[in-house]
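If you read the sequences in order, they're chains A and B. At position 253 of the first sequence (counting the first as 1) the number is 253 in this note's numbering, and the numbers step up by one without a gap. At position 315 of the second sequence (counting the first as 1) the number is 1315 in this note's numbering, and the numbers step up by one without a gap.
There may be inaccurate statements among the hints.
For each label pair, taking beta carbons as the anchor points, the in silico distance ranges come out as [to be verified]:
#1 A:Lys8 <-> B:Arg1236: 34 to 40 Å
#2 A:Arg6 <-> B:Ala1283: 37 to 43 Å
#3 B:Arg1020 <-> A:Lys215: 35 to 41 Å
Here chain B is said to cover these stretches of chain A; the calculated rule only asks that three of the stretch's residues, wherever they fall, bring their Cβ under 8 Å from a Cβ of chain B [claimed, not checked]:
#4 12-21
#5 84-98
#6 107-115
None of these hints come from the bench; they were simulated from the model. Glycine residues also receive a C-beta, built at the ideal position from the N, C-alpha and C atoms.
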Amino acid sequence: MIKVLRQKEWAFPVPAAKREVLRATPELDEGKPPVLFVPGFGHGAWVYHEHWLEHAADRGFPAYAMSLRDNKDATLRAYAHDVAQVAASLPKRAVIVAHGAGALAAAHALARYPARAAVLMAPVFGGVGTALRNPFICLPALFGGRLRLPASQLFSREVPASVARGYAKRLGRASSKAQWQLLRGRAPEDPVGDPPVLVVGSPDDRIVPDSAVRKVARRYGGAPLLFPGMGHDLMLDARWREPIDAILDWLDKS
Amino acid sequence: MTTSGYSDGYGDTGQATAWRDGRPVYDRGDTVCVIGAGPSGLTAIKNLKEAGFGVDCYERETSVGGGWNYRHDRSPVYASTHLISSKPFTQFPDFPMPDDWPDYPKHTQLLQYFEHYADHFELRPHIWFGTEVVKVEPTDHGRWDVTTRSTGGYGGERIHRYAAVVIANGHNWFPRMPAYDGLDGYKGELIHSSSYKDAAQLRGRKVLVVGAGNTGCDIAVEAAQQANRCWHSTRRGYWYSPKYALGRPTDQVNDTLLWLRLPLRLRQSLAARTIRSTVGDLARFGLPQPDHKVYESHPIVNSLLVYYLGHGAIQPVPDIKQFHRTSVELTDGREIEPDLVVMATGYQPSFEFIDPELLGMTADGKPRLAMHAFPKRLPTLMVAGLLQPDSGVFPLVHWQVVTFARLLRLRDTAPAKAAAVFRQLDSEADKRWTDAKVRGTARHWFEVSHISYLKGIERLLQEATA
Ligand SMILES: Cc1cc2nc3c(=O)[nH]c(=O)nc-3n(C[C@H](O)[C@H](O)[C@H](O)COP(=O)(O)OP(=O)(O)OC[C@H]3O[C@@H](n4cnc5c(N)ncnc54)[C@H](O)[C@@H]3O)c2cc1C
Ligand SMILES: NC(=O)c1ccc[n+]([C@@H]2O[C@H](COP(=O)([O-])OP(=O)(O)OC[C@H]3O[C@@H](n4cnc5c(N)ncnc54)[C@H](OP(=O)(O)O)[C@@H]3O)[C@@H](O)[C@H]2O)c1
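In isolation and in its complexed conformation, chain A is listed as follows (with noise of 0.2 Å):
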């Protein structure tokens, strides 16, 4: 149902912040919608730079690659506000595609914005669950420590060591408060503006398994896409191209 009274987030707006924004336009306007791109967490917008931000480009899609803000003390509602505002920044109506708890930021953030389209890629939908599943990951987060990602978990083995390792010294940290949130999992209001929601992800996945990608798609009404044989981080793995060709395709035709 639709949440009109919106009182505590009318008396305590999300405070404003700096955030980072890359973008790559297309040589021709072919009128084809902005899409943007959201980090999960620990990533940045520079996991888009790699490969996908130019790619999409390429296609004819004004690309955008955002981080997330970097505040130690942001909330899960502070995420999304942050691509709500990047989102509605944008000079036409966007598809926004989103990547592991970003992707969870941003389901929220579909309930404040009216976004063309989205795509939820590896989603961490959180719940005791994730905990659960990835103790080794989680138990430190939960006391205000830094997500260990092992490069071993987000890639498939097809990405050289050296470059996987070097992409995982990259990663940051998410907010505690924010980790905390994620693993109380409270569920995301319904989407407004009735957006097409694709999701994406890999059984081979090491930190989201199959099932839960599957039940996020049940959620939104489809099947996941899966692109067996890679890694949680899809736009990084050696096969970077197929999931975004196929994402690209998919807004193509719909």
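Based on the hints, put chain B with the ligands in the right spot on chain A.
Then chain B with the ligands, alone, in the frame of chain A:
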């Protein structure tokens, strides 16, 4: 004339499919007509479009933004206008204002926001600019014939037939001018606040400002800063809320109390105490005591008025008794000689293009509309934005038109259910949406408390969800 848009059988190129009084009528099928591309009209286009309706909007000006476009000849906005409602209450619920904007943005930012909204959701192709609606008439099957012509009356008139009409023509452009004895013979300069644009109009002059709505208070403050002398005439006492209380925008503090579900009485006494504890008893400046409790009059939000009263730069005076050739006589017997009188006495709604009876218009010019939006027994007609909330108005208008779009759909998908919802609405034409009992003055009949109103909308939306 600037127009943009379709070639799919629109206008002269299409075939006339019906006739009205011997003139061709171009049938626009299931398309909905929106009158006005101010904030209310824009959100109507956006939300109808989102619900899958075709939309044609007519706008008499050549650009969007309505009253917030300072260049529009009917804009009530003056150069210094800043919001009185803080951002969270003013932005559309699905299109946040940039969070690095101030708590109370300026009118130029508001215009930027509405222009961006129009571009972002690609609304401009739906708008026929420089085109004025001159007549809206019902025809069979709940459909409407809308007569338009280019603004200023050049060129011929054209009639299009629509499935539904949203009237979003604004209510802050037609001056409410009180009558006074002796006004005709008055030789001084007298304007309505609608023609007040810039502080240069006040510089070096003795100015009398009449009315303590937000316009009157803003202009009195500008006169305190710019004019030689400023008298401020009010016919009763008010609560002057500061823009900030307890370190936050005042409306955000208010909604904290509402969120905590404090009862009205307690909220009133807390608000009164907060105001009293900061500015004290205004009677010491010569102002009358408020003749009502907090929340019983449209809120005045102005931190500077009291400041300038305290500096003697604004001199409070009572109501005007009558005008003489060169002076103004007040009800306390005093006579003053201003160079300029600014009547900030508000605006009144005006619907010159539709039979007033269709809107249930009373003798004193107030339409009778359920939720201040839905006329009786006319499910395909609505008025958007005809309300005055104790907060920002745009979120309320957003939900009004979202609801209207739902109701229109429901008529197709579940006619019996739709009929039941409309019957219920018809019985609520006189329902008011204020928590406190507001004063009965001319401007207060469409005052609403945002929470009560939105609760009403939420309920209606639920009923309209098939
Ligand atoms: C000085 C001032 C400050 C305000 N500050 C605030 C504030 O802080 N917060 C807040 O929420 N509200 C505020 N308001 C109230 C409200 O925001 C404005 O009145 C707002 O402009 C209302 O939007 P609207 O679209 O309903 O009407 P308008 O902005 O008046 O737009 C109506 C449009 O319809 C067009 N139109 C009219 N008739 C026809 C016709 N026959 N054919 C074709 N087109 C037509 C007009 O040209 C215009 O563009 C303020 C109002 C004033 C006067
Ligand atoms: N900065 C801002 O954001 C801003 C600025 C201006 C306006 N606004 C909004 O715009 C709308 C219109 O405001 P407004 O101030 O122009 O008009 P308004 O709210 O209608 O206020 C009119 C004022 O004039 C008085 N008045 C009316 N008729 C009178 C008469 N015959 N004799 C003496 N006094 C008379 C009223 O007194 P009563 O109290 O007795 O009715 C009231 O004080 C409101 O919604 C307002 O909030 C916002």
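Hints, one by one, checked against the model:
Checked against the hint of 34 to 40 Å, the pair lysine 8 of chain A and arginine 1236 of chain B passes, with Cβ atoms roughly 35 Å apart. In this structure, arginine 6 of chain A and alanine 1283 of chain B meet the distance hint of 37 to 43 Å, their C-beta atoms being roughly 39 Å apart. Distance hint for arginine 1020 of chain B and lysine 215 of chain A: a CB-CB separation of about 57 Å, inconsistent with the stated range 35 to 41 Å. A stretch counts as covered by a chain when three or more of its residues have a beta carbon under 8 Å from one of that chain; for the region 12-21 of chain A and chain B the count is 6, and the coverage holds.
Only residues whose beta carbon comes within less than 8 Å of a beta carbon in chain B count, and the region 84-98 of chain A has 8; three or more means the coverage holds. Counting residues of the region 107-115 of chain A whose C-beta lies closer than 8 Å to any C-beta of chain B gives 3; at least three are required, and the coverage claim holds.
The structure shown violates just one earlier hint, number 3.
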